[in-house]
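Colleague: Single-letter residue listing:
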Amino acid sequence: SQQGEEDPQALSIQEGENATMNCSYKTSINNLQWYRQNSGRGLVHLILIRSNEREKHSGRLRVTLDTSKKSSSLLITASRAADTASYFCATDSIQGAQKLVFGQGTRLTINP
Amino acid sequence: EPEVTQTPSHQVTQMGQEVILRCVPISNHLYFYWYRQILGQKVEFLVSFYNNEISEKSEIFDDQFSVERPDGSNFTLKIRSTKLEDSAMYFCASTEWWGQGAGYTFGSGTRLTVV
Numbered sequence: 001s002q003q004g005e006e007d008p009q010a011l012s013i014q015e016g017e018n019a020t021m022n023c024s025y026k027t028s029i030n031n032l033q034w035y036r037q038n039s040g041r042g043l044v045h046l047i048l049i050r051s052n053e054r055e056k057h058s059g060r061l062r063v064t065l066d067t068s069k070k071s072s073s074l075l076i077t078a079s080r081a082a083d084t085a086s087y088f089c090a091t092d093s094i095q096g097a098q099k100l101v102f103g104q105g106t107r108l109t110i111n112p
Numbered sequence: 001e002p003e004v005t006q007t008p009s010h011q012v013t014q015m016g017q018e019v020i021l022r023c024v025p026i027s028n029h030l031y032f033y034w035y036r037q038i039l040g041q042k043v044e045f046l047v048s049f050y051n052n053e054i055s056e057k058s059e060i061f062d063d064q065f066s067v068e069r070p071d072g073s074n075f076t077l078k079i080r081s082t083k084l085e086d087s088a089m090y091f092c093a094s095t096e097w098w099g100q101g102a103g104y105t106f107g108s109g110t111r112l113t114v115v
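Quick mapping for you: the protein sequence lines, in order, are chains L and S. Residue numbers 1 to 112, in the working numbering, belong to the letters of the first sequence in order. Residue numbers 1 to 115, in the working numbering, belong to the letters of the second sequence in order.
Isolated chain S (complex conformation) (with noise of 0.2 Å):
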């Protein structure tokens, strides 16, 4: 069965780093996400990716964040100044399409430990 993979699958960072967070979706579907959780929380969205742009965001997605197709297999996720706060897990996903039937695949996660 396609997986969405994520890498890598625990960072450490201090605080103040550049971090990159990537995600290979399926290589058919076209809506990519980023979700994260805060340990002991439940999943909130960050942001949603389709036809290379955002294309809807949350308030947690502020100028820290970026996210990028840079070629045709990766989505990344930047955190451009790490904050203790910043500290969960971060899952990607991707849909074929969006809309009624629309399955969501979730990748395994990246634990982000800032320090």
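The shape of chain L in the complex, shown without the other chains (with noise of 0.2 Å):
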């Protein structure tokens, strides 16, 4: 079955430095999404890269897909301490089935 994982698990990096967090998944898809997630809280969409897309940026992210590798990233550069957080990336199959499929999520701390 189709899934989303992230690596690693957790992240703890000092501010400033750059963090970068990869996904996995298992069958094609039409998009792959990556979410924010504070302690306790609601999802916050990111950034939603499409199949033919190979890479793209927002503000401080930059998200690449490698649909030969069924792979993905997330880079967060200059990492700030509210950047502390759960990220999830989440993936929709070609195949018809109206769902995301999320992964574990990387939990990163930011030291200030």
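Just so you know, these hints were derived from the structure itself, not from any lab. Because the structure is a prediction, the values reported are computed rather than measured. Check the hints yourself; a few may be wrong.
[What the hints assert, rightly or not] Straight-line distance between alpha carbons at most 20 Å, and here's what the computed EDC-like set of lysine to aspartate or glutamate pairs gives:
#1 L/Lys69 <-> L/Asp83
#2 L/Lys56 <-> L/Asp83
#3 S/Lys42 <-> L/Glu5
#4 L/Lys26 <-> S/Glu44
#5 S/Lys78 <-> S/Glu53
#6 S/Lys78 <-> S/Asp63
#7 S/Lys42 <-> S/Glu85
#8 S/Lys42 <-> L/Asp7
#9 S/Lys42 <-> S/Asp86
[Claimed, not checked] Away from chain S, derived, C-beta distances all over 12 Å, residues of chain L:
#10 Asn18
#11 Lys69
#12 Thr84
#13 Thr109
Just so it is clear, CB atoms sit at the ideal spot from N, CA and C, and this is done for glycine as well.
Can you join these two chains into the complex? Each is in its own frame, and there are hints to help.
Modeller: Spelled out as structure tokens, the structure:
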């Protein structure tokens, strides 16, 4: 079955450093999306990359997608303490099911 | 920016009671969804709804669950007889279309606590 799986599961870095999180999935997709979740709070949509796109930028975020490897990465540059959160990738299958499949997430901690 | 609104933000209920979680999707969106997240776990799909009927549901979405769009704006999730294991954060989402480029907008969630 299709899954989005992130690695690492947890990442702790110093403020100002770049953070890279990876996601792998198993089936053909329409889109891959990244979400942020602060502890116990709602899901905040960060960025969507379509299956025919290879890279996308939004502010300090850079997302890549490699459909041949069924993988994506999220890079946060010049990290800030406020970036501390869990980050999830989510995919929707090209095969007709109208749903997103979320990964387990990466818990990112930015140390001041 | 348009938002998906969920109420209540937190609900505590006794085991065996019925609960209704409410959502107001974005007005021009046509596809509606419920997801849940048990504390510390990943977000799981429950159900998708389009054209006044369920288009997809997961195995979590058993007979105790139902969804309804009672009027032109609300989208509800009913849990008929709650169990302790139903305690979770429930998220509503909507999309304007489904397919490539369709971005989901999630509500801020309802935290359901079954005691």
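Colleague: Work down the list of hints and note, for each, if the structure agrees.
Modeller: Checked hints:
The hinted pair formed by lysine 69 of chain L and aspartate 83 of chain L fails the criterion: a straight-line CA distance of about 28 Å is larger than 20 Å. For the hint linking lysine 56 of chain L to aspartate 83 of chain L, the alpha-carbon distance of about 19 Å falls within 20 Å, and the restraint holds. The hinted pair formed by lysine 42 of chain S and glutamate 5 of chain L meets the criterion: a straight-line CA distance of about 10 Å does not exceed 20 Å. As the CA atoms of lysine 26 of chain L and glutamate 44 of chain S are separated by approximately 17 Å, the hinted pair is consistent with the 20 Å bound.
Taking the CA atoms of lysine 78 of chain S and glutamate 53 of chain S, the gap is about 15 Å. The hint holds against a cut of 20 Å. The hinted pair formed by lysine 78 of chain S and aspartate 63 of chain S meets the criterion: a straight-line CA distance of about 10 Å does not exceed 20 Å. At roughly 15 Å between alpha-carbon atoms, lysine 42 of chain S and glutamate 85 of chain S fall within 20 Å of each other, so this suggested pair holds. Restraint check for lysine 42 of chain S and aspartate 7 of chain L: the C-alpha separation of about 14 Å stays at or below 20 Å, so the hint holds.
Note on lysine 42 of chain S and aspartate 86 of chain S: the hinted pairing holds, with a Cα-Cα distance of about 15 Å set against a maximum of 20 Å. Asparagine 18 of chain L, annotated as away from the interface, keeps every beta carbon of chain S farther than 12 Å; the closest lies near 25 Å. Interface exclusion of lysine 69 of chain L from chain S stands, the closest Cβ pair being 19 Å apart, more than 12 Å. The claim that threonine 84 of chain L lies off the interface holds: its Cβ sits roughly 17 Å from the closest Cβ of chain S, which is beyond the 12 Å cut-off.
Interface exclusion of threonine 109 of chain L from chain S stands, the closest Cβ pair being 16 Å apart, more than 12 Å.
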